[in-house]
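Novice: So the chains spell out like this:
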Amino acid sequence: MKFKTILAAAFSAVVAVAAQAEEMKISVTTSFANSGLAEVLLPEIEKDTGITVQLLVVGTGQALKLGAQGDVDAVLVHSRPAEEAWLAAGNGTHRREIMYNDFIFVGPSDDPAGAAEAEQATDALKAIEAAEAPFVSRGDDSGTHKMEKRLWTAAGITPEGDWYRAVGQGMGAALNTASGMNAYIMSDRASWLKFANKGDLKLVFEGDPILFNQYAYMPVNPEKHPHVKNDLAQKLEAWLVSDRARELINGYTLNGETLFTFNAKAE
Amino acid sequence: MNDILQGLARAAKLVVTLDADLVEITVLSLQVSLGAAVIASAIGLPLGAWLAINRFPARRTVIALLNALMGLPPVVVGLIVYVLFSRSGPLGVLGLLFTPAVMVIAQVIIITPIVASISHQAIRELWADYHDLLISLKANRRQRIGTLLWDGRRALMTASLAGFGRGIGEVGAIMIVGGNIDHATRVLTTAIALETGKGQFDMALALGFVLIGLAIAVNLALHFLSRTERGSRW
Amino acid sequence: MVSGMIVLEGVELRRGGRVIVGPISLSLGGAGITMMMGPNGAGKTTLLRALHGLERVSAGQIRWAGNGQALRERQAFVFQTPILMRRSVLDSIAYPLRLQGVTRGEARDRAEACAGQVGLRVNLKKDAGDLSGGEKQKLALARALILEPVLLFLDEPCANLDGRSTREIEEILTRIRAGGTRIVMSTHDIGQARRLADDVVFLHDGKLVEQAPSGAFFDAPQSKQAHAYLQGDIVI
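Chains as they are written, first to last, in this note's numbering: chain L, 5 to 271; chain S, 32 to 265; chain W, 78 to 313.
Note that these hints are calculated values from the structure, not bench results. For clarity, every value in this text was computed on a predicted model and none was experimentally measured. Glycine included, C-beta positions come from ideal geometry on N, C-alpha and C. Among the hints, erroneous ones may be present.
Straight-line alpha carbon distances no greater than 20 Å define the calculated SDA-like cross-link-like pairs of lysine to any residue that follow [as the list claims (entries may be wrong)]:
1. Lys202/W - Arg184/S
2. Lys228/L - Gly123/S
3. Lys169/S - His129/W
4. Lys228/L - Val124/S
5. Lys69/L - Leu115/S
6. Lys202/L - Ala224/S
7. Lys169/S - Lys202/W
8. Lys169/S - Lys203/W
9. Lys202/L - Val114/S
10. Lys169/S - Arg133/W
11. Lys169/S - Ala147/W
12. Lys169/S - Gly130/W
13. Lys202/L - Lys169/S
14. Lys169/S - Leu176/W
15. Lys228/L - Val58/S
16. Lys169/S - Gln146/W
17. Lys169/S - Gln177/W
18. Lys203/W - Ser257/S
19. Lys69/L - Ser117/S
These stretches of chain L come out as covered by chain S in the derived footprint (C-beta under 8 Å, 3 or more residues) [unchecked claim]:
20. 153-164
21. 195-203
Hey, can you work out the whole structure from these sequences and the hints?
Specialist: Below, the structure written as structure tokens:
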């Protein structure tokens with residue numbers, strides 16, 4: 005029996021330490037990763053700065069938690085109130101706005117609630133609630149979910165009932181569920197465009213400025229966690245607000261549509 | 032049904048062309064789960080044998096507990112290991128979080144009860160057969176365990192393979208402690224979860240079929256290497 | 078009879094609170110073949126196992142006096158149903174030597190010689206489980222003999238064997254007795270007892286009923302149970 009050979013191979017593989025050199029970890033949200041922008045940016049970052057960025061793709065809540073624990077060097081999320089609370093707790097050094105995309109509503113192609121006729125996002129939600137049309141919510145306290153909750157509040161509605169289904173999943177998984185149920189759902193544009201299982205769903209509402217979704221970059225506080233690679237985090241930040249980044253972000257399209265708009269300000 | 036057929040076709044294409052990403056995550060899957068299975072066997076097989084031949088007051092409780100631990104939810108194990116190895120946690124200084132090493136650790140915790148429970152049951156039956164003979168021949172405790180482990184090796188191989196199977200198909204624990212980082216801690220199961228979340232079902236299925244094929248290949252290889260079913264009774 | 082090598086004093090064995098054998102007091106000498114006889118359930122197997130140390134004595138004691146020390150140290154046991162290990166015939170016979178630290182090569186050589194001595198003519202690389210009944214018992218005997226025991230126990234060794242195998246095993250036992258090995262065995266076969274025994278211990282219902290040299294026992298049994306047994310009656 006060749007157990008000894010397998011044992012040797014297993015141990016050497018596990019014990020081998022990857023080159024630590026210029027590696028850093030950032031936690032990002034599923035909506036950012038699903039857009040495909042990361043696949044474009046990461047190789048360019050490595051070429052220009054020599055930094056190998058390792059992405060941990062999780063929900064906003066978990067992304068911030070990882071940062072608070074000091075398990076990553078920086079976070080990139082899109083929920084301003086949560087970000088400011090996180091900073092107030094001393095977890096990060098500052099926040100730097102990088103880019104924004106927008107949220108849209110998708111729903112069944114026959115639009116039973118008539119959401120497409122709404123003028124404002126809140127009107128669309130009121131229509132869905134009135135029709136008690138099935139609506140899937142992220143339900144996971146992510147940036148997207150927090151935005152959705154703010155909209156319901158702005159519309160003066162507390163969503164409850166059989167038609168409102170909180171799934172507690174990432175954006176892609178939630179879209180799957182909505183597709184399977186033929187329900188309405190709020191999604192970021194990037195995830196929707198990249199989503200491959202649309203079924204009968206179509207885009208029904210867009211364009212209200214209230215739906216704009218700001219991404220911000222926040223390095224983890226080296227005073228709280230001395231081991232974080234703050235130097236690399238700063239180097240990455242400099243690149244993210246550079247003209248090269250502007251070019252790549254604004255130039256990234258999917259099916260001919262631009263997904264993100266670069267809006268970082270020079271300091 | 033169409034998805035399944037497309038998935039099979041895509042799986043075949045990925046394997047035949049030795050797609051670089053596929054090779055990378057497959058190799059890592061094997062390293063993590065084989066490594067964990069080997070370590071879990073090193074702990075669990077002798078532990079099961081020891082439990083089979085030693086009598087002590089709380090023995091029945093320990094065995095029941097060991098059997099119950101087979102049902103440990105992997106995602107809970109992942110959470111606990113994460114809390115332990117987080118930078119803010121007691122073992123954070125080791126810097127093992129989000130590396131293959133901590134994935135192995137989490138899987139060892141999940142797999143060892145399975146290996147030990149099956150080993151215990153197999154050795155217990157063998158011990159019932161060999162009991163009088165080994166006592167008559169005055170074998171000491173170490174010799175008894177050694178003989179039982181060697182003569183029971185077929186059943187023990189099943190125990191190890193059961194552990195490996197649990198590990199190679201596990202996703203909850205290694206997703207949390209590994210982070211599914213591209214080119215670092217992404218394995219077949221976490222990649223499948225990722226593709227499913229993107230709605231890319233045919234890719235997810237393709238990876239799934241590769242995973243099944245891999246598990247079968249490993250099992251066949253081990254049976255072949257240890258010459259089971261070659262005219263022998265056991 | 079030479080007295081006092083193996084002495085049992087008030088030996089009792091209990092199971093589940095009940096006394097199943099004893100109290101028994103008897104004395105065995107240091108040479109030849111002692112045959113334990115008696116109907117089923119008489120306690121022959123239990124007593125043999127107690128002498129070998131496989132059963133714990135609940136009361137009384139077993140003493141090994143004088144040269145009895147050697148008898149106590151180097152014993153072997155052949156069970157009624159052979160206990161087979163999951164290995165080849167050769168490795169099964171070699172196993173007791175391996176326990177003593179003998180190297181594998183030497184152990185296998187000696188095992189091969191031992192197999193020849195008991196007339197085990199099979200492919201030694203075969204699995205032990207593939208042998209016939211008679212061959213299995215010969216394997217068990219070879220395994221018992223390979224450590225050159227001074228005292229050999231056999232518990233109805235030929236109970237499940239055909240005539241040819243039985244004769245072959247009896248020949249082996251006769252040979253090793255001549256070589257000086259002390260044998261204590263049990264049997265159901267009165268003919269076998271007549272052929273092999275030097276002295277007889279007759280048990281009934283867990284008690285010692287009669288003990289005598291074989292000639293005296295078979296020609297003129299003193300107890301009515303032994304008398305009835307030898308006549309072929311069912312003894313209750």
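Novice: Look at each hint and say if it fits the structure.
Specialist: Status of the hints after comparison with the structure:
1. Lys202/W - Arg184/S: holds (18 Å)
2. Lys228/L - Gly123/S: Holds: Lys228/L and Gly123/S sit about 14 Å apart, inside 20 Å.
3. Lys169/S - His129/W: It holds: about 11 Å lies between the C-alpha atoms, which stays within 20 Å.
4. Lys228/L - Val124/S: It holds: about 15 Å lies between the C-alpha atoms, which stays within 20 Å.
5. Lys69/L - Leu115/S: Answer holds: Lys69/L to Leu115/S is near 15 Å, not above 20 Å.
6. Lys202/L - Ala224/S: Given that 20 Å is the threshold and the Cα spacing comes to 18 Å, the pair holds.
7. Lys169/S - Lys202/W: At roughly 25 Å apart (the allowed maximum being 20 Å), Lys202/W and Lys169/S break the hint.
8. Lys169/S - Lys203/W: Outside the cut-off at roughly 26 Å; violated.
9. Lys202/L - Val114/S: violated (37 Å)
10. Lys169/S - Arg133/W: holds (15 Å)
11. Lys169/S - Ala147/W: holds (16 Å)
12. Lys169/S - Gly130/W: Holds, at roughly 10 Å.
13. Lys202/L - Lys169/S: violated (72 Å)
14. Lys169/S - Leu176/W: holds (8 Å)
15. Lys228/L - Val58/S: With a Cα-Cα distance of about 37 Å, the restraint between Lys228/L and Val58/S is violated, given a limit of 20 Å.
16. Lys169/S - Gln146/W: holds (17 Å)
17. Lys169/S - Gln177/W: Holds. Lys169/S to Gln177/W sits at ~10 Å (cutoff 20 Å).
18. Lys203/W - Ser257/S: Between Lys203/W and Ser257/S the Cα gap is close to 17 Å, so the pair holds against 20 Å.
19. Lys69/L - Ser117/S: holds (11 Å)
20. 153-164: This one is violated; 0 residues, fewer than the three required, reach chain S with a Cβ under 8 Å.
21. 195-203: It holds: at least three residues are needed, and the region 195-203 of chain L offers 5 whose Cβ sits within less than 8 Å of chain S.
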